[in-house]
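Make one complex out of these two single chains by using the hints.
These protein sequence lines map, in sequence, to chains A and B.
Under my numbering, the first sequence has 317 at position 317, and the numbering climbs by one with no breaks.
Under my numbering, the second sequence has 105 at position 105, and the numbering climbs by one with no breaks.
Not one of these hints is a red herring.
Dumping the calculated DSS-like pairs for lysine-lysine here, alpha-carbon to alpha-carbon at most 25 Å: (1) A:K244 - A:K288; (2) A:K171 - A:K288; (3) A:K232 - B:K203; (4) A:K340 - B:K165; (5) B:K61 - B:K203; (6) A:K115 - B:K19; (7) A:K332 - A:K167; (8) A:K43 - B:K165; (9) A:K243 - B:K229; (10) B:K19 - A:K189; (11) A:K232 - B:K61; (12) A:K174 - A:K244; (13) B:K229 - A:K232; (14) A:K285 - A:K243.
Rather than coming from a laboratory, the hints here were simulated on the basis of the structure.
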Amino acid sequence: MEQEGKKRIWSEYQKEIADDHYFYVRSCIRQTFFPGSETTFLKILRDDLSRDVFEDARHTTCTGIGYHTDIVPFETIMTIAARHFALMTEAGYVNFVPSCVTSFGIYTEILDTWKHFPEMEAKARDYLWTATRREFKIPDNLSHTSDIIYRFRNELAELSGHRLVNKNDGKPLKVVEHIGCHYAKMFPKCGVGGAEFPAVLSGMVEAWGGEVIDYPERRHCCGFGFRQYLIKANRGYSLSNSKKKFESMQPYQPDFIVANCPGCAMFLDRWQYTIAEMEGITYDKSGKGIPVLTYEELAGLIMGYDPWVMGMQMHQISVEPLLDKIGIVYNKKDKYLGSKGQYIGVPQPPHFLLQ
Amino acid sequence: MGRLYERLCEDLRCLEGLKSCMNCGVCTAICPSAEFYRYDPRKICDTVQRADDESIEQLLKSDTIWYCGECMSCKTRCPRGNTPGLLIMALRKLSQEMGYFTDSEKGRQQFAIRRVIGDSILTTGYCMRPILVNPANHPEQGPVWEWVYNNLPEVMDKVGANYLKDGPGALRRIAPEVLSEINQIFQVTGGQDFFQLIEEFSKDKADEMCLDAGELGGDNAYFSEVYTKNSGNHH
Ligand code: SF4
Ligand code: SF4
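The following block holds chain B by itself, in its conformation from the complex (with noise of 0.2 Å):
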C-alpha cells in the first residue's frame, strides 16, 4: 500500500464512497458523464482498490477524474452502497494538494473556478449572483437573461428582491462583519491555504506555459486558456 493510496483513505468522501466495489458497472450505466464523456466510473473504482500508487498518480494526473458532473445519480443504483462521485471529490483534492491537477487540461480549469466562484464567496457571501453571468461569456442564457442584466436593479426590485441592499431578502448586500466571518472560517478550516495552494501551483503552470495568471479575476491569459480551451480529445 502506497502513500497516495493512504491520503485517499485519510478522506471521509473515499471511506464512505467506496466500500468493496464488485466491478458490475451499473454506476458507469447510470452516469451521465459516461455517456458524454470518455469516463468510467467502475474504472476508477477498480483503479483506487488496487491500491497502487502509480495508477492512482496516473489518475490524479490525468483528465478523467475532472469528467464527473458530482450529480451522485450512482449512489442510488450502486447495490454496494458506493459512491464513485463522493470518490471522485477525494481524488480531486488529493490531485489538487499534490499539485497534480496542472498536469492535465480540465484539471487547470479550477484555476478559473478558483478566481470566479471563490473570491465570490469570500468578498460577496455569495457562490453565484447575477453579475457573474455576464451574457458575453454566456451566450447560451439568451436575450431575456441580457435584458435582465442590463436591468438588474429594476428588475430585481419588481420581482420583491432586496438588490445589493441591507437587511433580509433575495440579493441583499452581506454586511461586511458577516464577511469577516466567513473568512475567518475559511481561515480556521483550511480552506483559505487551499485556495492559496491552487493559485500557487497554478500560477508556475502558467509561468511554465509562458502566460500571465494576473493577480486577482479572469482579466488575464491564463485565465482565458483554462476557460475556454478544449482539445477535443475527451470524448
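Next up, chain A with everything else stripped away, as it sits in the complex (with noise of 0.2 Å):
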C-alpha cells in the first residue's frame, strides 16, 4: 500500500529527460575532486551508448558558488548563465547538460525567474548582448548529469558486467542514496520523483541490483552550507550535518554511499576521516569507514571500468571493501601510480581510519 502510494507519486514527478545531443558544462567542484567522474561519464555516454556529447573549451564556471556564498549578485550570475546558453546554441545544441548539482539548481531557478519576470529575460538578453555580442536561446531541455544516467539504466545494466550483490552471500549491497540539496528542494518538478521521493539514485541502484537504505536522515544536507564550509571558522556547521546523517545510517549497515552532487560525496568522505581524527568513531563495522562513491564511478564500475582510473584513489575511504564485495579485479599495486606507471608517493596512512 505505501509502495504503491510512493508510486503514484513518483509519477506525477517524472521529467522528460533528451534521448542524445547534449551540450556538457562542467563542475568546479567535480573537476576538483572526482574529475575522473567526469572522464568515465563523457566515456560512458560516448562509447558505451553512441551518444553525441559536445563540449565548448570556453564555458567556465557558472558563478554559483559566488551567488551561494553572496557576493556575486543575481543579475551577473544569470548573465553568466545567458553566456553558456548562447555557447550551447551557437554550437546547434539545444539539451543543456551541467555536471554540478549547485549549477542545475542555478539554472532552474534562472529559468524560473524569467518565466515569472520576463523583464528580467530581456534584460539579460541585453547585458549579454552589450558585454559579449551573443545571442543565446533558452535550451528545449535541461537535465543533471544523473538524470542521463538514470535515464540509461537499464540500458547500462544489460552492457554492464557487474551486480550490486555481495558476491560472498548472493544479497544485494545495502546503499544510501544522497540527493544533493539544489537538485529538486528549490523546484521539486525539475528533478526525477521530486523532492521527496527522488527516484534518480535509487533508480540507478535498484537497476543494477542493490538495495536502497531509507533512513531517518535520509533527505538532510551533507552540511555544505557555502559559507559555512569555505570560511575555517564555520566548519563545525558542515561537519555537525554530515554527522547527523552518519548517526543515522549507522544502524542499517550500509555497503556504500552514492551521491549527485559532487559536493555531497566530497564531504561525505572526507568528514568520516575527520569524525576519526577527532574521536575515533568509524560508522561501519570493519574500522575502514563507508565508502562514497559519485554516480559516474558506480556506474563504471558495474560496467568495468579501471577504478585508478576513474579517479577512486582520490577518495579519503578507501573504496577496496566494496570492490571486493562485488567482485571487481583491480590491480592494488597500480593505485597511487602516475598516469605513466611511474611511482609518485603515495598518501599518509590516517592515525585512525584502517586501510
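So this is what it looks like as C-alpha cells:
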C-alpha cells in the first residue's frame, strides 16, 4: 500500500530527459575533487551508449559558489548562464547538461525567474549583448548528468558485467543514496521523483541490483552550506550536519553511499576521516569507513572500468572493501601510480581509519 | 513602511521567497542551520513581514542572517511556498550594499569570500580549483588529498583531466579572451561594483580594527582575522 502511494507520487514527478545530443558543462567542484568522474561520464555516453556529447572549451564556472556565498548578484549570474546558453545555441544544440548540482539548481532558478519575470530575461539578453555581442535560445531540455545516467540505467544494466550484489552471500548491497539539496528541493518538478522521493539515484541502484536504505535523515543536507564550509571558522556546521546523517544511517550498515552532487560526495568522504581523527569513531563495522561514490563511478564500476583510471584513489575512505564485495578485479599496486606507471609517492596513512 | 523594507521588496528573491508567512515554524523544524546555530528562519520571516525598518536594520547588522547554509530545504516543506533561504539572500545583499555586514563577525567573512572566490572567478574562470584547497588551511581534507595536492599534474593526467592546458576537458586553462568576456559581464551587470563595495567597506572596518587588509589575496591580518575568528557566541 505504502509502496503504491509512493509510486503514484513519483509518477507525478517524471521529468523529460533528452535522449541524445547534449551540450555538456562541467562543475568546478567535480573537476577539483572527482575529475575522473567527468571523464567516465563522457566515456559511458560516447563509447558505451553511442551518444553525442559536445563540450565547448570556452565555458566557465556558472559562478554558483559566488552566488550562494552572496558575493555575486543575481543579474551577474543570470548573464553568465545566458552566455552558456549562447555557446550552446552557437554550437547548434538544445539540450543543456550541467555536471554540477549547484549549477543545475541555478539554471532551474534562472529559467523559472525568467518565466515569472520576462523583463529579467530581456535584461539578461541586453546585458549579454552589451558585454559579449552574443545571443541565445533557451534550452529545450535541462537535465543534470545524473538524470542522463538514470535515463540509461536499464541499458547500462544490460551492458554491464557486474551487479550490486555481495558475491560472498548473494545478497543485494545496501546503499545510502544522497541527493544534493539543490537538485530538487527548490523546484521539485525539475527532478526525477521530486524532492521528497527522488528516484534519480535509487532508480540506478535498483536497476543495477542493489537495495536502497530508507533511513531517518535521508533527506538531510550534507552540511556544505557554502560559506559554512569555505570559511574555516564555520566548518563545525558542515561537519555536524554530516555527522547527523552518519549516525542516522549507521544502524542500517550500508555497504556504500552514492551521491549525485560532487560537494556532497566529497564531504561525506572527508568528514568520516575527520570524525575518526577527532573522536575515534567510524560508522562501519570494519573500522575502514563507508565508501562514498559518485554515480559516474558507480556506473563505471558496473561497466568494468578501472577504478584507478576513474580516480577512486582520490577518496579518503578506501573503496577496496566495496570492490571486493562486488567481485571487481583491480590491481592494488597501481592505485597510487602516475599516468605512465611512475611512482609518485603514496598518501600517509590516517591515524585512526583502517586502510 | 520604511526605506530598508522597500529596498528589500525590490529584490525578486524577497518577493519570491516571502509571500505570506503564517509563522508555523515548519521551516525551522527542517532547517540544518537552526539545529546548529541560534537561528530561526521563522523569526526572520516574521521580522521582515512586519516591515519595521528598525528591526530590519538590526537584522542586517547581526550575525543571524549569515547562519543560513542556503540549502533551500525550507522551500520544499513550507506550506505557503515561501523560501526563507531566498529571503536571506536578499537580506545579505542589502546588508552588503549598506555596509552593515562589517558590524558582525560572520558578516565580516564576506571579505575573505570576495578575495578567494571572487578573484578566482575573475582571474581563472573557476569558482573553485584544486590549488585553492591548500592542506594547510584544510586539515579536514586528509592525507589522500594532501598527496593529490602535491602531485596535481600526475594525478590529474591519470584520471583524464586536461590540467591547466588549452582545449576542452576538466581543469583546462580558460583562455584570456574568455576571461575578458566574464570580466565584461561583471562590469555590465554590477558584479564588479559589488565586489568593490565589499572591498571598500571591509577596508574601512580593517582600519577601524587597526588591521592591514592588503590589496589582494589572503596574506594579511584582516583576512586571517575574519577567516578564523570564532567567538563561540553563536549557539
Ligand atoms: S514554513 Fe513557511 S509559513 Fe511556516 S514559518 Fe516558515 S516561512 Fe512561514
Ligand atoms: S536555506 Fe537556510 S533557512 Fe532554509 S533550511 Fe537551509 S539553512 Fe535553513
